[in-house]
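J.: First to last, the sequence lines map onto chains A and B.
Letter by letter, the first sequence follows residues 1185 to 1387 in this note's numbering.
Letter by letter, the second sequence follows residues 15 to 316 in this note's numbering.
It should be emphasised that the hints constitute simulated quantities derived from the structure, not laboratory data.
Some clues are possibly wrong.
[What the hints assert, rightly or not] List time: in silico DSSO-like cross-link candidates among lysine-lysine, alpha-carbon distance up to 27 angstroms:
(1) K313/B / K1354/A
(2) K308/B / K253/B
(3) K90/B / K1354/A
(4) K1298/A / K313/B
(5) K1298/A / K253/B
[Said to hold, decoys possible] Selected chain A positions facing chain B (Cβ under 8 angstroms, derived; list incomplete):
(6) D1188
(7) R1189
(8) L1190
(9) A1221
(10) G1355
Beta carbons are placed, not taken as given, at the ideal position from N, Cα and C, and that holds for glycine.
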Amino acid sequence: MLRDRLNHALRHVPTWALYICMAVPLPLFFWQGLAGALGPEPIRALEHLYGQVALAYLVASLAITPLRRIWGINLLRFRRAAGVMGFVYVVAHLLVWLVLDIASVTAIWADIVKRPYITVGMAAFLLLLPLAATSTNAAQRRLGPRWGQLHKLAYPAIVLGGLHYVMQSKGWQLQPILWLGAILLLLALRMGRKSRNRRASLG
Amino acid sequence: MALRWKNTLKPSDVTDESLWLNRRHLLAGMAGAGLMGAAGLPQRAQAQGLAPNSWEDITSYNNFYEFGTGKDDPAKYARQMTISPWSIRIDGMVDKPGDYAIEDILARMQIEERIYRFRCVEAWSMVVPWNGFELADLLDMAGVQANARYVAFETYLNRDEMPGTRYPVLDWPYVEGLRLDEAMHPLTIMASGIYGRDIPAQNGAPLRLVVPWKYGFKSIKSVVRITLTDRQPPTSWNKANPREYGFYSNVNPQVDHPRWSQAQERRIGGGLFASRQPTLMMNGYAQEVASLYKGMDLKAQF
């Protein structure tokens, strides 16, 4: 069966290869910005590109469980890579904003408190911090069952990330709304599953 | 005719066409560096912080949501727009209402060069060497009636040619408006060219409004209708979000957009390490236009 062959082939893909593939756009976009390939406003372009890649990777990490439950495709081995690399791009996105875009400490703080979409984005970043810090096998062992509970913070963090994307756009633009919709759908798939399980165990 | 705007910048202040066309080649080879400093840059315009952006910057980084919300969408898709034949309906409170062919309008107007700062509400800016005529002359041609108080503008709309209009980002067609005294101000022009060439479709061909002391979205593109009225006309961004976009939308570093600061702006074309610069009151035209808003609370009427 196609699915079994796919799962079998996936077992032979080393996770480090995925880390490398996911890392490639980071220096590539920066180099394009330097070379003038990101258009006349490269700072804004780089900021948006890193933010979009971060969201894409985090949504991918969210899709892994539903993918296995619904289609039986097992990508669980790659979930950490998606989450960690998503965080790396969040940091890159934040650094472009801090260093290249705003470049003033007082203006940055004013933006964080005054601009709701930046407050929401910063909240998402703060929620991701403990997850990134506990993304090693050692931390997972040390925390035991609490690790799983802690990493449920990924759900609100990713929702806030999608909301941040919708809120920063001028007018009701399609793409950010589609991303937020995808995030909510992926979460709904989990919720649906959970309540079904609960009902089954009650019955 | 009221007092005319005296342009202090001459065509000689603008970078020579052969030089800006070759800018990339010049920059690519270090040999060009000396040449640029010596003869290339328009010294006077530079001294006023008004070195025009390159043709490439001006024509590749645009907001024209009818063609998509990406900054590069207009350059990609706007050429699909039928700009010939083109006529503009001038109606409402005018003595000579009617459909005016673009050729007839341009033949009767005095085209001049205006090098203006252009400040987008998104906190970026450019300097554009427009070619155009004063809107006041066009309105005089149509004969404004005594009871008219406002001017309403409308952009061309063709859903087959404008892929962005498939989505309700804004309530199409795009509409804008000015108070009559703003419209009659000598700084307010209708532009038909940039750098002495026909204005490209993505910049609002064949004729667009330019109001240099207001945020860019007020300078409506590809105008098909101008209506004189006695009531403040609806404007697209104000309809979409009245809390964020007011009717006046004068450039004002002291009145922030609810979602970002308007105190600074980034001049387009400075590369990856360009810093922001302070935004000027009324985009640097306060001396010319402040009297229009005497006694008004600019925070309340933004």
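J.: Between K313/B and K1354/A, does the CA-CA distance stay at or below 27 angstroms?
T.: 21 angstroms, holds
J.: Does the structure keep K90/B and K1354/A at a Cα separation of 27 angstroms or less?
T.: 20 angstroms, holds
J.: Are K1298/A and K253/B close enough, with their CA atoms no more than 27 angstroms apart?
T.: Holds, at roughly 24 angstroms.
J.: Next item in the hint list is G1355/A. Is there a CB on chain B closer than 8 angstroms to its CB?
T.: Since the shortest Cβ distance to chain B is 5 angstroms, the answer is holds.
J.: Is the Cα-Cα distance between K308/B and K253/B 27 angstroms or less?
T.: 26 angstroms, holds
J.: Is the interface hint satisfied for A1221/A? The criterion is a beta-carbon contact with chain B at less than 8 angstroms.
T.: 11 angstroms, violated
J.: Hint D1188/A vs chain B: min CB-CB distance below 8 angstroms?
T.: 42 angstroms, violated
J.: Hinted pair, alpha-carbon criterion (27 angstroms max): K1298/A, K313/B. Please report holds or violated.
T.: 17 angstroms, holds
J.: Once the shortest beta carbon distance from L1190/A to chain B is found, is it less than 8 angstroms?
T.: 35 angstroms, violated
J.: Under 8 angstroms, Cβ to Cβ, is where R1189/A needs to be relative to chain B, so tell me if that hint holds or is violated.
T.: With Cβ-Cβ at 39 angstroms, over 8 angstroms, it is violated.
Hint violations for this structure: numbers 6, 7, 8, 9, all remaining hints satisfied.
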